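2 protein chains.
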Amino acid sequence: MAQAKAIEAPPVEGGNNATDRCPMIDFVNLVSGKWAIPILYRLIVTGCPIRFGELQRAVAPITQKELTRQLRLFEHRGLVYRKVYAEMPPRVEYEITPMGRTLRGTLDSLADWMRVNASHLIT
Amino acid sequence: MAQAKAIEAPPVEGGNNATDRCPMIDFVNLVSGKWAIPILYRLIVTGCPIRFGELQRAVAPITQKELTRQLRLFEHRGLVYRKVYAEMPPRVEYEITPMGRTLRGTLDSLADWMRVNASHLIT
DNA sequence: CGGCATCCCCGCAGATACTG
DNA sequence: CAGTATCTGCGGGGATGCCG
Chain U
1 MAQAKAIEAP PVEGGNNATD RCPMIDFVNL VSGKWAIPIL YRLIVTGCPI RFGELQRAVA
61 PITQKELTRQ LRLFEHRGLV YRKVYAEMPP RVEYEITPMG RTLRGTLDSL ADWMRVNASH
121 LIT
Chain F
1 MAQAKAIEAP PVEGGNNATD RCPMIDFVNL VSGKWAIPIL YRLIVTGCPI RFGELQRAVA
61 PITQKELTRQ LRLFEHRGLV YRKVYAEMPP RVEYEITPMG RTLRGTLDSL ADWMRVNASH
121 LIT
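These protein sequence lines map, in sequence, to chains U and F. Counting along the first sequence from 1, when you hit position 64 you're at 64 in the UniProt record's numbering, and nothing is skipped either side. Counting along the second sequence from 1, when you hit position 109 you're at 109 in the UniProt record's numbering, and nothing is skipped either side.
Read the hints as simulated data drawn from the structure, not as lab findings. Keep in mind it's a predicted model, so treat the numbers as computed, not measured. Take these hints with a grain of salt, some might be off.
[To be verified] According to the in silico footprint, chain F covers these stretches of chain U (three or more CB under 8 Å from chain F): (1) 43-56; (2) 99-108.
[Said to hold, decoys possible] Straight-line Cα separation of at most 25 Å, PhoX-like style, residue types lysine-lysine; simulated pairs: (3) F:K34 with U:K65; (4) U:K34 with U:K65; (5) U:K34 with F:K65.
Glycine included, C-beta positions come from ideal geometry on N, C-alpha and C.
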């Protein structure tokens, strides 16, 4: 099931893109960076549209630049919706997409593991 | 470093150590870097001692330097055993620890998600 | 308020060569 | 074969300032 015989990667026909290896590499490429997972997880547990500023406070101390960058990446990859309201002052809301939501179980598991083992790990 | 201020850390009951924030941040700190998760996962699915060279081939195309660095980090954190044989030529074997092994379910889930969704994701 | 633009630092990570 | 040393770059990501 979750086996990965990476070494002798069977030659995939056609111009398969870079996702021919271990799925872990794909995952790291997808959520690389210090803030990607925390942002995603926040959007998932929130579950409803959330404003930029509120999100930033929730994932503090991230900078606006980085939060914007990551959100744009997620939007481009179909993990996050972005909704702009033509108001004054401006309002922008972000929300996890159904596909993004399917990460919930995995990320919960991850968070649980971390909560259990954080105290045993040397920093 | 990423210390800054604990903006609005909700008071957690009991003795509260350095891991007072979102466990996701701890996780990213633990396995930051391009190769950490692939290496760890490889050691987990292998399940038995594996030589340095073989591990490197399995997680190709990682460099020796990076593989050494990550393995040392994992060893220091109690996720990986390191066993040196006084032979000629030298032989060093690495193995996942029981604590590291407990990550299996989480990482399997992660890999499964990636396999399912890789094709839907814009690179 | 959201989000570009700019400047800049530092550490991940690659390439290469050398040692026991 | 495993590991170290050195050089190098690239980009993540922080700080600040301006604009609609």
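The hints, checked one at a time:
Restraint check on the segment 43-56 of chain U versus chain F: 0 residues with Cβ-Cβ distances below 8 Å, three needed, restraint violated. Interface restraint, the segment 99-108 of chain U with chain F: holds (6 residues with C-beta to C-beta distance below 8 Å; minimum three). Taken as a hint, the K34 (chain F) and K65 (chain U) pair is honoured in the structure, with Cα atoms around 22 Å apart against an allowance of 25 Å. As the CA atoms of K34 (chain U) and K65 (chain U) are separated by approximately 13 Å, the hinted pair is consistent with the 25 Å bound.
A hinted pair counts as satisfied when its Cα atoms are at most 25 Å apart, and K34 (chain U) with K65 (chain F) qualifies at roughly 22 Å.
In this structure, only the earlier hint numbered 1 is contradicted, and the remaining ones agree with it.
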